[in-house]
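Chain order of the listed sequences is L and S. Note that the first sequence covers residues 68 to 181 in this note's numbering. Note that the second sequence covers residues 11 to 123 in this note's numbering.
Because the hints were derived from the structure by calculation, they are not lab data. One should not assume that every hint holds.
[Stated by the list, open to error] Some chain S residues close to chain L (C-beta under 7 Å, calculated; not the full set): (1) L53; (2) Q55; (3) P71; (4) Y74; (5) F100; (6) Y110; (7) G117.
[Stated by the list, open to error] So the derived list for chain L, only partly shown, Cβ under 7 Å to chain S, looks like this: (8) N97; (9) T101; (10) F106; (11) G110; (12) P111; (13) F130; (14) Y167; (15) L169; (16) G172; (17) K173.
Please read all numbers here as calculations on a predicted model, not as lab measurements. Where is the CB? At the ideal position from N, CA and C, for every residue including glycine.
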Amino acid sequence: LAKTTQPISMDSYEGQEVNITCSHNNIATNDYITWYQQFPSQGPRFIIQGYKTKVTNEVASLFIPADRKSSTLSLPRVSLSDTAVYYCLVGDLYSGAGSYQLTFGKGTKLSVIP
Amino acid sequence: EAQVTQNPRYLITVTGKKLTVTCSQNMNHEYMSWYRQDPGLGLRQIYYSMNVEVTDKGDVPEGYKVSRKEKRNFPLILESPSPNQTSLYFCASAYHGTIYEQYFGPGTRLTVT
Numbered sequence: 068l069a070k071t072t073q074p075i076s077m078d079s080y081e082g083q084e085v086n087i088t089c090s091h092n093n094i095a096t097n098d099y100i101t102w103y104q105q106f107p108s109q110g111p112r113f114i115i116q117g118y119k120t121k122v123t124n125e126v127a128s129l130f131i132p133a134d135r136k137s138s139t140l141s142l143p144r145v146s147l148s149d150t151a152v153y154y155c156l157v158g159d160l161y162s163g164a165g166s167y168q169l170t171f172g173k174g175t176k177l178s179v180i181p
Numbered sequence: 011e012a013q014v015t016q017n018p019r020y021l022i023t024v025t026g027k028k029l030t031v032t033c034s035q036n037m038n039h040e041y042m043s044w045y046r047q048d049p050g051l052g053l054r055q056i057y058y059s060m061n062v063e064v065t066d067k068g069d070v071p072e073g074y075k076v077s078r079k080e081k082r083n084f085p086l087i088l089e090s091p092s093p094n095q096t097s098l099y100f101c102a103s104a105y106h107g108t109i110y111e112q113y114f115g116p117g118t119r120l121t122v123t
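One chain only, chain L, in its complex shape (with noise of 0.2 Å):
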């Protein structure tokens, strides 16, 4: 499984684009990236998922740069209800040969700040 690492916390104002950077420096050909968003005592819920270059849903938008060693997940124009834990996981969506393993880690805490 490849390691990925986050900042550990982020804060923003109402209003602005929030960029979470996640490096996955050990990313395998065959791995995927994929994001996930956590509010507070909830389950986390997945927002967006890509391989390469870029993917926008009506959510976020990724940016995966050509080496893949590192991606980023953009949120526009955040509101107060953008506030949660965003999650970024590396590894083989289809797992034939390897892990069905999935590791979460801690993940990014952004705040949104009136």
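Given the coordinates of chain L, work out where chain S should sit on it, guided by the hints.
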């Protein structure tokens, strides 16, 4: 509605008294998993199951048991709970082909005194 349910949501018990936390999903997912979440330690995987009668250890399996006799259910069993198992527990499920896209239950807050 597609969902993962856990029961009970809150439980206070005493050391050594066996307990079971149930988990059920209605999405016909092959993969199910249990996690515990503790302040400062993040989310850690306890056990997972790829299908009926197939279970395997995660990062922190000591003191826990699981079973997968039916596809929809994946109970977590604490045979002899101890105070260090006081935690917030989450169950999750996913399709076999997309285990990184997991659906989580609402959580069970367990206190062992």
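Evaluation of the provided hints:
Here the hint on S:L53 is kept, as its CB sits about 4 Å from the closest CB of chain L, short of 7 Å. The beta carbon of S:Q55 is positioned within 7 Å of a beta carbon in chain L (closest approach about 6 Å), and the interface hint is therefore held. Hint on S:P71 is violated. Least Cβ distance to chain L is approximately 11 Å, over the 7 Å limit. Interface restraint check for S:Y74: the shortest CB-CB distance to chain L comes to about 15 Å, outside 7 Å, so the restraint is violated.
This hint holds: S:F100 has a C-beta 5 Å from the nearest C-beta of chain L, less than the 7 Å allowed. With its C-beta approaching chain L no nearer than about 4 Å, S:Y110 sits inside the 7 Å limit, and its interface hint holds. Below 7 Å, beta-carbon pairs count as interface contacts, and S:G117 has one with chain L at about 6 Å; its hint therefore holds. Checking L:N97 against chain S: minimum C-beta separation of about 12 Å lies over 7 Å; hint violated.
Hint status for L:T101: holds, given a least beta-carbon distance of 4 Å to chain S, under 7 Å. Interface hint status for L:F106: violated, as the beta-carbon distance to the closest one in chain S is roughly 11 Å, over 7 Å. Checking L:G110 against chain S: minimum C-beta separation of about 3 Å stays under 7 Å; hint holds. The criterion of a C-beta within 7 Å of any C-beta in chain S is met by L:P111, whose closest approach is roughly 5 Å, and the hint holds.
Because the beta carbon of L:F130 sits about 18 Å from the nearest beta carbon in chain S, more than 7 Å, this interface hint is broken. A cut of 7 Å between beta carbons decides the hint on L:Y167: the least distance to chain S is about 6 Å, and the hint holds. Given hint, L:L169 at the interface with chain S, holds; its Cβ is 6 Å from that chain's nearest Cβ, closer than 7 Å. Among the interface hints, the one on L:G172 holds; its C-beta lies about 5 Å from the nearest C-beta in chain S, closer than the 7 Å criterion.
Nearest Cβ of chain S to the Cβ of L:K173: about 4 Å, under the 7 Å cut. The hint holds.
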